[in-house]
Amino acid sequence: MGRGNTGPVYPWFGQDIRNGIALAVENYALLHRLWREDVVDWQGRFRTALTGFTAVPWPLDGIPPFVWHGSIRSPEIAEQAAYYGDGFFHYNIFWPPEHVERMVGLYRRRFEHYGHGRADQAIVGLDGQVFMRANSQDAIREFRPYFDRAPVYGGGPSLEDYMEQTPLTVGNPQQVIDRTLGFREVVGDYQRQLFLLDHAGLPLKVVLDQMDMLGEQVVPVLRREFAALRPSNVPEAPTHASLKAAREAATSGESRSGSAHPSNEEPASPVAG
Amino acid sequence: MATRTLLVVTAGLSEPSSTRLLADRLSAAAAGALHGAGSEPQVEVLELRDYAQDLTNNLLTGFPSPRLRAAIQRVISADGLICVSPIFNASYSGLFKLFWDVLERDSLAGKPVSIAATGGTARHSLALEHALRPLFSYLNGAVMPTAVYAATEDWGSSAAPVDGDLVDRTQRAGAELAAAISGSPPRTPLDPLDEPTPFEEMLHSVRSGGDA
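In order, the protein sequence lines correspond to chains U and X.
Residues in the first sequence are numbered from 173 upward in steps of one, following this note's numbering.
Residues in the second sequence are numbered from -15 upward in steps of one, following this note's numbering.
Please keep in mind that the hints were generated in silico from the structure rather than gathered at the bench.
A quick note: this is a predicted structure, and the numbers were derived from the prediction, not measured.
Just so you know, nobody snuck in bad clues.
Pairwise CB distance ranges, derived in the manner of DEER restraints:
no.	chain 1	residue 1	chain 2	residue 2	range
1	U	P268	X	G16	34 to 42 Å
2	U	Q309	X	H114	51 to 59 Å
3	U	P317	X	D152	54 to 62 Å
Covered stretches of chain U, as calculated for chain X (at least 3 residues, CB under 8 Å):
no.	segment
4	197 to 205
5	247 to 253
6	314 to 327
7	333 to 345
Built from N, CA and C at the ideal position, the CB exists for glycine as well.
Full structure from sequences and hints, please.
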């Protein structure tokens, strides 16, 4: 879940960006109840009150979906994710690692504070942005004109400075692998890595090439390496299957109760491309 | 003796600039007054010229480079600021404004700030009152009553300015800043990444109609 970060989007829904955080807090608090309580009486600030309301369709198998809260710079959203024991997804594309470390660190600390498990067991996802060619110099040469004219960086720092200061990686697949594995030194062992490939105005054909390279040369190595590096006490990210299995285990009394993120018989993949 | 940090932020362009000269006189006056009040003043200088490229980049990318971040951190942790700009086209210079534009809201909350400016002619001295003072008031700084303006003629000589001379005003501004710094505890600004608002408080605040 993301709350939308551009002012003009809010009026489309009759809202005001200055209430962005308050909306995210209230709306999710309501959704959280609607997925868990059959009949809801509710009154709030941003929408009509509900009396005896039942949300349909009911979550599959009666299991509310596992929610990730996405944020690049709002500590309130990290706090919200921690409060509910939900996942926290940090975009990790436009800001330096010191900031990424502090945002994820805040989420982990508060996750533990709210009793969902230890800080290193909190469920973290990151983004990252890459451009690859077999030869790293070719990657730099080909990407630079797009970088220099992209709305988010154009006219600003050099490609080299930007790569040094943010997670942007332009190079060969091995460099992408090394840089990505390095993220766990910034945020600890984490559960999901997303990649931004369609950026800076790259043509479709190039983006499709990038997807092939990512899938063929990067993701298999990352899956293997991340799995080998992750300690056994750091859980997988919950999936519908794992939550269902956990519930069945709990109701049949075979498992200890109260575990927020039980292990999964069919592990979720650590990398979602 | 408690050490109090006095940070000069100057947007002078040449070297040495009259803006920097004025800043040095002000910081000497404030440091002297602090010393007299039993504190150990530590004067530091931030020349914005050195950050011109970083400031532009910050504006375009939304985050400060490591060296600019370190400079911003110095501003946030200073006990008092002396902020000096040349007056260009009836207001502070663009470089000066750029720096304050990249600060987070409340970075200066309650911080004693002394303002000063330089210009070719005394006719622009009120830019301090209609441009610099509202800027720092908006940033919630505690702006000192005496602002100091130095025109080219003030560096000269015999011309006696009407409104007390530069030396008097500088001493008064320095004394005001020193008193404000002495009267306030050393500042440790709250960072929401260190001290988040607890979620229950946010929920309650939304329900009662306030900001989350």
